[in-house]
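Just need the whole structure built from these sequences, with the hints factored in.
The primary structure of each chain is shown beneath.
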Amino acid sequence: MIRSDIFKIEHYQADNFLYLNLNNLNLIKDNYQINIPSNVHINLLIEGGYAGILSFFVEENSKMEIAYATLDEIKDINLQFFLAKDAYVQFGMADFSHGTGQVTVLFNLNASGAHAQWKLSSLAREKDFKTFTVSFAHYAPHTYSNMENYGVVTDKSRLRFLGTSHIYEDGHRAEAHQTAKIMVFDEHCIAQAEPVLKIDHNDVIASHAASVGKVNDAHLFYLCSRGLSLREAKNLITVGYLKPIINSFSDEELQNRIRQIIEEQEAIIHD
Amino acid sequence: MKKLEIKNLHVSVGGTPILNGVDLSIKSGETVALLGPNGHGKSTLLNAIMGHPLYKVTEGEILLDDKNLLTMSVDARARLGIFLGMQYPAEIPGVINADFYKSALNARSEKPISVMKLYRQVDLASKKLNIPLDMANRELNNGFSGGEKKRNEILQMLLLSPQLSMLDEIDSGLDVDALQSVAQVIREEQEKGMAFLVISHYERLYSLIKPTKVVVLINGKILITGGMEIVEKTDKLGYEWLRTEYGIDIEKERKQNNVSSLGFCVTKEALTHDSQ
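As they're listed, the protein sequences go chains A and B.
Residue numbers for the first sequence follow the numbering used here, beginning at 1 and rising by one.
Residue numbers for the second sequence follow the numbering used here, beginning at 1 and rising by one.
Hints are all accurate, no fakes.
Below, computed lysine to aspartate or glutamate pairings styled on EDC-like, alpha-carbon distance capped at 16 Å:
#1 B:7 to B:61
#2 A:243 to B:139
#3 A:181 to A:194
#4 A:243 to B:99
#5 B:128 to B:177
#6 B:102 to A:232
#7 B:210 to B:191
#8 B:149 to B:139
#9 A:243 to A:148
Computed Cβ-Cβ distance ranges for the label pairs, DEER-style:
#10 A:252 to B:108: 32 to 40 Å
#11 A:30 to B:116: 55 to 63 Å
#12 B:142 to A:251: 25 to 33 Å
#13 B:123 to A:100: 45 to 53 Å
#14 A:264 to B:116: 22 to 30 Å
Because the hints were derived from the structure by calculation, they are not lab data.
Keep in mind it's a predicted model, so treat the numbers as computed, not measured.
Think of the CB as a built atom: it goes at the ideal place given N, C-alpha and C, for glycine as much as any other residue.
If you want it as structure tokens, here you go:
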């Protein structure tokens, strides 16, 4: 992997692997803009947090695969994407951080064929209070968005999944999907899943699902009836819930770190 | 296990009494066929033995070799050698079959099972049941057909080798070939001394596995005990013969509350706001 300095990110070639540590941007204390030229394929790994607005302009027919890991302390993050014709952005976020923070992401699908995929696994513990607002604006026909948010809340933490997928008047044949699921482990935690769909055109495809709930009792009984203790059963279900995000990361070292964090969750699961 | 003994068992589900004093004993190597009209408590009995939290034992005892099962958790009963092959096995997304098998086997031994040993055991069991080995890499029962789920139950029975296997309508959803291979597996385990308590509505499964004892559960009690002749008679005549021969009045399908899940500690809100 090329550990590119943020300021040199304009120079890349096809199939580049780039690394961006947002903590380095804090020196600028201003909004920052990254341009991805047309017809390139970029793999970008992001870590850290940044207080300003970070914008990505993805030009025609370019493909960006982004993996973002927040594993330490969460910070407010504001990301904006502007997708040109046939631009493709795939974003996977693994959030196992501590603290209070708001993650706000907006995908502007500005021209036909623009395609955005978002996948998030988030774990909230202790007194964490985390809000994820992931929105998609479909301004053009044949644009596509898909959001999948999975969360686990424990102790006295709070987790919110918000965001709006809006298909505007010009968005005929646009497609928007939202899934937000939160699993709740303790009585004192608060979870909220409120994805919103707005549609201003008749000829679209859209779906919308949200759920917040305890671990399914029938699932627990099934696993316990095979000899797993309640704690082991809950752990297996939680790991199964959070683990698929690992597939968004091609960096093996990071994959292992995330896997380790998920498997260490045994400690937070109570009988 | 030498003997499982159920004495005067009363069980309620959601406040409704279902079992009203069941007496039954199952010895090692025995296969007991459990018959009875729908809604009279067959599945309730199996769930109560396994320890399902929604099936409340209000009176009576369940002893396994003089150990009181009723004070034990579900997983402790399982580790003691009790297995329940369920009528509707849970579908658990995200949990990979192989990881689950490994956890279940590790729960029974001090040393974690090696990958090779797990592979060999799953491979052997899969071959016996004509299951493709790659089923182990799929999510637990998620997206499985009815027959695949039932074979996965029997596969787990083979891996865990319990002392008492309770099979709740294991033959439903199985095609003829699958039924033959499941019956063959049951026969092999019978010879090794595994005890069985089997619910089925069909004479076919029973004729393949030859129960040593047949009991009929009616109105929440076991009222008839005998041999294969009871299965054959019921298969031909339904349960009506019990009224004519024994004068037993069969209650209409008894009301049973649906097993429902628990409350939530928060509520979900999926809002669709009006456009601005």
